[in-house]
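Number of protein chains: 2
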Amino acid sequence: MSEKDFSVTLSPIAKIRNAFPTKFGLPRQSGLAESLVSEIVFEPEYRIPEALRDIEQYSHLWLIWGFSEVFGEKWSPTVRPPRLGGNKRVGVFATRSPYRPNPIGLSCVKLLGIKKTPDGTVLLVSGADIMDQSPIYDIKPYLPYVDSHPEALGGFAHEKKDYRLELDFPIELLDIVPKDLQGALKEVLEGDPRPAYHTDDARIYGLEYASFEVKFKVSENILHVVSVNERKK
Amino acid sequence: MSEKDFSVTLSPIAKIRNAFPTKFGLPRQSGLAESLVSEIVFEPEYRIPEALRDIEQYSHLWLIWGFSEVFGEKWSPTVRPPRLGGNKRVGVFATRSPYRPNPIGLSCVKLLGIKKTPDGTVLLVSGADIMDQSPIYDIKPYLPYVDSHPEALGGFAHEKKDYRLELDFPIELLDIVPKDLQGALKEVLEGDPRPAYHTDDARIYGLEYASFEVKFKVSENILHVVSVNERKK
Chain A
142 MSEKDFSVTL SPIAKIRNAF PTKFGLPRQS GLAESLVSEI VFEPEYRIPE
192 ALRDIEQYSH LWLIWGFSEV FGEKWSPTVR PPRLGGNKRV GVFATRSPYR
242 PNPIGLSCVK LLGIKKTPDG TVLLVSGADI MDQSPIYDIK PYLPYVDSHP
292 EALGGFAHEK KDYRLELDFP IELLDIVPKD LQGALKEVLE GDPRPAYHTD
342 DARIYGLEYA SFEVKFKVSE NILHVVSVNE RKK
Chain B
142 MSEKDFSVTL SPIAKIRNAF PTKFGLPRQS GLAESLVSEI VFEPEYRIPE
192 ALRDIEQYSH LWLIWGFSEV FGEKWSPTVR PPRLGGNKRV GVFATRSPYR
242 PNPIGLSCVK LLGIKKTPDG TVLLVSGADI MDQSPIYDIK PYLPYVDSHP
292 EALGGFAHEK KDYRLELDFP IELLDIVPKD LQGALKEVLE GDPRPAYHTD
342 DARIYGLEYA SFEVKFKVSE NILHVVSVNE RKK
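Those protein sequences? They're chains A and B, same order as listed.
The first sequence begins at 142 in the working numbering and counts up one residue at a time.
The second sequence begins at 142 in the working numbering and counts up one residue at a time.
Worth double-checking, as some hints may not be accurate.
Copies of the same chain look alike in the list, so a pair counts if it works inside one copy or between any two.
As the list claims (entries may be wrong) - Think about it this way: if two alpha-carbon atoms lie no more than 25 Å apart in a straight line, the pair counts; the simulated DMTMM-like pairs of lysine to aspartate or glutamate are:
#1 K356 x E191
#2 K358 x E328
#3 K257 x D321
#4 K229 x E175
#5 K256 x E307
#6 K320 x E191
#7 K251 x E197
#8 K164 x D146
#9 K215 x E186
#10 K145 x D309
#11 K320 x E292
#12 K251 x E292
#13 K256 x E186
#14 K257 x E331
#15 K257 x E186
#16 K215 x D146
#17 K145 x D273
#18 K215 x E313
Note that these hints are calculated values from the structure, not bench results.
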């Protein structure tokens, strides 16, 4: 079919920095944990303030990024989305699964601000569903007149949108976490970080968040935090 | 900064087929010419009907694709968007310009249907702002609960959204074009395919559309089609 080779190699222009060193607990889609602030730190060769000129005119940005934790793994024509209980198989192109032919993610984030740092000009964004240190390949403005389609039909993925757990987070445990990281942690826990097919009340889960390990269990739609400890490096 | 190499090579999973063999006249953003139907034809190794299972549950899809006409060209930290008259320079990450570090495009299209063809299962979509034969690297469902932000601030790009030319398309010329291709052609012409900084009333422009060359001129907000001819191959 092809006469030309239309392969393309993407080099990271930036990395994301946030409180999620592992995938477990990461919001499953962008915007689901709005308090989670991430920093976009440009790679040295892309620390060109000019390239960001007028970006503050936009409230939202698109990030095109790499599912780097699955680089080198095989893709699968069908996947089992956690939101469907992990049982039903759907086509990979009908999902946002990382196990796709080209392991590239797409996330809409809110632009909170821009700051100058020793690492160059950094973008502060909220709502990213992207693991700490993941590579960013492109940043584009969100254009509501072409990108916003509230009337779009969302298949199965929107069905559990409003599902939230009640949170039992003892204050003495919460206070171990710095104030500015508490909001996003609570949102993430309320969103139920467990795989949807786990329903074992006795099971203790461990969530890595910033420099902490947060242990919790869930019963009858209440998430009980049982410990918060500094992680060993 | 990086210990790991997070570069990634994308292989085309599909190509797009439509009536736009060149960039001139191509809608400047997705959704702007809703009548323009494109086909997404999978590359032989991705002709796996399973990979599309349940995709019809979505009304809209994201396409991640390559600006293949600029592959190998240099990117520029600032660009002059045509919508701003081609004079003002803004940062490349505040635009959807193809001259970016990683020349990857993002477009939202409407899923019209799926059909089985000798070239495998083909997706029919409308609203793509993508040149004929461009490589597609990924297809994702549009999830309105995470992707739709009608409240987003659109910077300068939405200012000219409703701008339309009046169209003077003599019926004997229009009828040279097959009926099913007329609607999209009219939309494209009404959208003013000229670079925004061209205002020469006498100038004749040539638009390649399907197998035709459409010549036109513009004066006082009226676009006059002056000829429609079969292109030489």
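Hint check:
Taking the closest pair of Cα atoms, K356 and E191 never come within 25 Å of each other, the shortest separation being 44 Å inside a single copy and 39 Å across copies. In this homomeric assembly, K358 and E328 come within 25 Å of each other (Cα to Cα) only inside a single copy, at 16 Å, whereas the closest approach across copies is 57 Å. In this assembly of identical chains, K257 and D321 lie within 25 Å of each other by CA distance solely inside one copy; the values are 20 Å within and 53 Å between copies. With identical chains, the CA atoms of K229 and E175 are never at most 25 Å apart, being 29 Å at best within one copy and 34 Å at best between copies.
For the homomeric pair K256 and E307, neither the shortest alpha-carbon distance inside one copy (36 Å) nor that between copies (46 Å) is at most 25 Å. In this assembly of identical chains, the alpha carbons of K320 and E191 never lie at most 25 Å apart, being 34 Å within a copy and 47 Å across copies at closest. Within a single copy, K251 and E197 get their C-alpha atoms as close as 11 Å, which meets the 25 Å cut-off; across copies the closest is 29 Å, which misses it. Taking the shortest alpha-carbon separations for K164 and D146, only the inter-copy value of 20 Å comes in at or below 25 Å, while the best intra-copy value is 34 Å.
Taking the shortest Cα distances, K215 and E186 sit within 25 Å of each other only across copies (14 Å), while inside one copy they are farther apart (31 Å). Taking the closest pair of Cα atoms, K145 and D309 never come within 25 Å of each other, the shortest separation being 58 Å inside a single copy and 39 Å across copies. With identical chains, the CA atoms of K320 and E292 are never at most 25 Å apart, being 38 Å at best within one copy and 29 Å at best between copies. In this assembly of identical chains, the alpha carbons of K251 and E292 lie at most 25 Å apart whether taken from the same copy (21 Å) or from different copies (11 Å).
For a Cα distance limit of 25 Å, the shortest separation of K256 from E186 inside one copy, 18 Å, qualifies, whereas the shortest one across copies, 45 Å, does not. In this assembly of identical chains, the alpha carbons of K257 and E331 never lie at most 25 Å apart, being 33 Å within a copy and 44 Å across copies at closest. For the homomeric pair K257 and E186, the shortest alpha-carbon distance inside one copy (16 Å) is at most 25 Å, but the shortest distance between copies (46 Å) is not. In this homomeric assembly, K215 and D146 come within 25 Å of each other (Cα to Cα) both inside a single copy, at 22 Å, and across copies, at 19 Å.
Proximity of K145 to D273 under the C-alpha cut-off of 25 Å is restricted to the inter-copy arrangement: shortest distance 14 Å between copies versus 36 Å within a copy. For the identical chains of this complex, K215 and E313 are neighbours neither inside a copy (44 Å) nor across copies (55 Å), given an alpha-carbon limit of 25 Å.
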